[in-house]
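Undergrad: All chains should be modelled from the sequences, with the hints used to inform the complete structure.
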Amino acid sequence: MPGVSAAGNIDVSIEHKKSDPSERDGGGGHPNTCPRCGSHYRDDELAEHLRVCPHCGHHFPVKAHERVAQLADPGTFEEEDGDLRSADPLEFFDLKPYVERLAEAELGTGLGDAILTGRTAIEGHPCRIAAMDFSFMGGSMGSVVGERFARACERAAEDAGALISVSASGGARMQEGILALMQLPKTVGAVGELQDAGGVLLSVLAHPTTGGVTASFASLGDVTLAEPGALTSFAGPRVVAQTTREKLPDDFGLAESNFRFGHVDAVVPRAELRATLSRLLRLFGASR
Amino acid sequence: MSQEAELGLRDRLAQLSGVKLLRGTKLSAELERLQRQLERLRQDTTDEEIWRSVELARHEKRPYTLDYVERMLDDWFELHGDRARMDDHAVVAGIGSLGGRTIALVGHQKGRDLKERATRNFGMAYPEGYRKAMRTMELAGRHGFPLVTLVDTPGAYPGIAAEQHGQGGAIARSQAAMLRLEVPTVAVVIGEGGSGGAIAIAVADRVLMQEHAIYSVISPEGCASILWRDAAQAKKAASAFKPDAAHCLELGVIDGIVPEPEGGAQIDHDAAAVLLREALVAHLDELAAVAADELRRRRRAKFRAMGVLAHV
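Chains as they are written, first to last, in my numbering: chain U, 1 to 288; chain Y, 1 to 312.
Hints were generated in silico from the structure; no laboratory data involved. Some hints here could point you the wrong way.
Claimed, not checked - Which stretches of chain Y does chain U cover? Using the computed rule of at least three CB atoms under 8 Å from a CB of chain U, they are: (1) 93-105; (2) 161-174; (3) 185-199; (4) 224-233; (5) 237-244.
Unchecked claim - Computed, partial: chain Y to chain U, Cβ under 7 Å: (6) Pro158; (7) Val203; (8) Val253; (9) Val281; (10) Phe303; (11) Arg304; (12) Met306; (13) Val308; (14) Ala310; (15) His311; (16) Val312.
Every residue, glycine too, gets a C-beta built ideally from N, C-alpha and C.
TA: So this is what it looks like as structure tokens:
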């Protein structure tokens with residue numbers, strides 16, 4: 001029963017006794033091997049199925065450009081603010097310098113930072129899109145992610161249009177220190193300006209959406225959708241397990257659990273995402 | 001302060017440390033106070049000093065929100081509960097009188113002894129705590145009360161129920177609520193400004209830090225265990241991400257530093273409260289002269305400009 005425990009905490013609503021969900025993607029197998037059922041695919045096979053396992057339905061991660069290609073009408077996407085790059089205000093150095101990590105990430109992903117933004121159209125409805133890429137430094141949000149997202153909101157607001165955000169992020173980017181934390185109010189404010197202008201934010205939570213992104217724009221959609229099996233929590237399962245020393249529910253933080261607890265409007269399989277967004281764009285009349 | 005003076009100051013701040021000019025960020029505090037604080041910055045903060053702030057910010061005898069409330073406010077009336085589910089004791093909220101003016105106040109609250117620490121959950125709020133905060137913000141907005149927030153948390157509580165009750169969404173909405181307010185708002189980090197749990201109540205017209213407070217995106221231990229894979233490297237992590245007040249001021253994230261008694265606030269709670277009260281009254285007096293919609297516009301512009309960018 002939910003309630004105040006002996007320790008005076010407010011914890012423990014539902015207890016399950018299964019495996020730690022933090023382990024579910026563990027093992028570091030081949031990126032085209034399904035972590036759930038073990039099926040293995042050629043890259044073109046997976047791409048053809050929108051990176052969803054045809055056997056068991058597991059949703060593989062999708063990179064930003066591929067995400068846009070899955071959702072947008074062919075040939076309509078034009079990137080904006082692609083010239084923005086991270087600076088290194090703290091001259092941050094952990095095991096290697098931040099500037100080196102940035103350069104490696106850009107080489108590895110072909111992206112200037114962990115979010116790709118631009119104008120596009122979905123089934124004929126013009127809109128803006130902001131797609132995050134987990135493979136760029138864990139999709140972490142620093143000044144550039146915040147800035148690109150905020151500008152996408154402002155551009156969408158100009159014609160009271162729509163912004164579709166597809167988030168995939170481990171949270172704020174530690175290497176930018178307190179300035180990374182400041183991207184939370186920056187993006188929250190930008191969503192506010194968009195919504196005040198009559199625009200709409202459709203927020204799609206992909207695996208994983210955690211930390212600072214969950215605690216800012218990703219949670220503020222006029223409509224919030226999540227992909228099946230996506231971890232969408234503020235604190236990750238490892239941190240929660242370590243802090244509370246409690247057994248986590250087997251669906252801890254997952255889209256389905258968040259749907260049950262009322263934080264998500266719908267869990268939408270990837271094959272239906274484009275059509276669902278198109279319907280919402282039509283309903284909000286944001287396609288004028 | 002004129003735009004030129006602001007830009008000049010910004011230039012000087014940037015030169016002092018070689019930090020790149022922050023694009024368009026405006027300093028909202030007045031020139032004179034910042035100039036005094038520039039003197040402090042000139043002696044570059046050492047790694048030892050940064051770590052000393054981490055230790056003092058967490059000192060077990062450091063004054064907490066209610067210690068300041070009882071010393072600064074007259075006629076304090078505490079509000080309880082989020083009107084939906086429960087009363088989270090890690091966040092206190094209420095109304096009281098500061099220098100003859102009714103204000104609303106929200107703050108994280110840590111516990112002094114073992115029992116109170118458990119009750120207060122070490123100042124780590126559940127979503128219910130942030131909903132209590134939002135309810136108080138809305139009340140302030142409705143009645144035209146200035147809002148003061150005191151930030152002192154290691155972070156929002158990372159628990160099972162906290163997630164189930166929507167921790168991330170509560171933090172996001174609390175920031176949105178602060179950006180909507182049309183009353184003067186002042187946030188002061190009085191101890192630990194721990195990440196999302198802190199920013200949830202720190203989106204204010206003026207954001208101040210006490211001299212030995214820290215404000216950071218992650219705890220030094222958390223950062224060390226992720227980036228160095230060793231929590232014992234916390235000191236190294238703190239030197240790397242610089243959570244101390246001087247560096248936060250330099251980065252344009254805060255608007256001013258509130259001095260503490262010699263040796264730290266824990267040595268003399270009364271003296272610390274006098275200094276904090278002076279700062280609050282001064283900032284609220286300044287903000288009282290600004291029109292409501294202009295306050296909101298400036299607040300939004302300030303946070304919109306946060307960050308440092310490069311171009312290719």
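Undergrad: If a hint holds in the structure, say so; if it doesn't, say that too.
TA: Here is what the structure says about each hint:
1. Residue count for the stretch 93-105 of chain Y with a Cβ under 8 Å from a Cβ of chain U: 0. That is fewer than the three needed, and the coverage hint is violated.
2. Counting residues of the stretch 161-174 of chain Y whose CB lies closer than 8 Å to any CB of chain U gives 12, so the stated coverage by that chain holds, three being the minimum.
3. Only residues whose beta carbon comes within less than 8 Å of a beta carbon in chain U count, and the stretch 185-199 of chain Y has 4; three or more means the coverage holds.
4. Figure legend: the stretch 224-233 of chain Y, annotated as covered by chain U; annotation consistent (3 residues with Cβ-Cβ distances under 8 Å, at least 3 required).
5. Beta-carbon proximity to chain U at under 8 Å applies to 5 residues in the stretch 237-244 of chain Y; the threshold of 3 is reached and the given coverage holds.
6. Checking Pro158 of chain Y against chain U: minimum C-beta separation of about 3 Å stays under 7 Å; hint holds.
7. At its closest, the beta carbon of Val203 of chain Y sits 5 Å from a beta carbon of chain U; the interface hint therefore holds under the 7 Å criterion.
8. The beta carbon of Val253 of chain Y is positioned within 7 Å of a beta carbon in chain U (closest approach about 5 Å), and the interface hint is therefore held.
9. Taking 7 Å as the C-beta contact cut-off toward chain U, the hint placing Val281 of chain Y at the interface is violated, the least distance being around 25 Å.
10. The restraint placing Phe303 of chain Y at the interface with chain U holds, with a minimum CB-CB distance near 4 Å, inside the 7 Å limit.
11. Annotation: interface hint on Arg304 of chain Y holds; nearest CB of chain U at approximately 6 Å, less than 7 Å.
12. Given hint, Met306 of chain Y at the interface with chain U, holds; its Cβ is 4 Å from that chain's nearest Cβ, closer than 7 Å.
13. Here the hint on Val308 of chain Y is kept, as its CB sits about 4 Å from the closest CB of chain U, short of 7 Å.
14. This hint holds: Ala310 of chain Y has a C-beta 4 Å from the nearest C-beta of chain U, less than the 7 Å allowed.
15. With 7 Å as the threshold, the beta carbon of His311 of chain Y comes within range of chain U, its nearest partner Cβ sitting at about 5 Å, so the hint holds.
16. Because the beta carbon of Val312 of chain Y sits about 5 Å from the nearest beta carbon in chain U, less than 7 Å, this interface hint is met.
When held up to the earlier numbered hints, the structure conflicts with 1 and 9 and fits the remainder.
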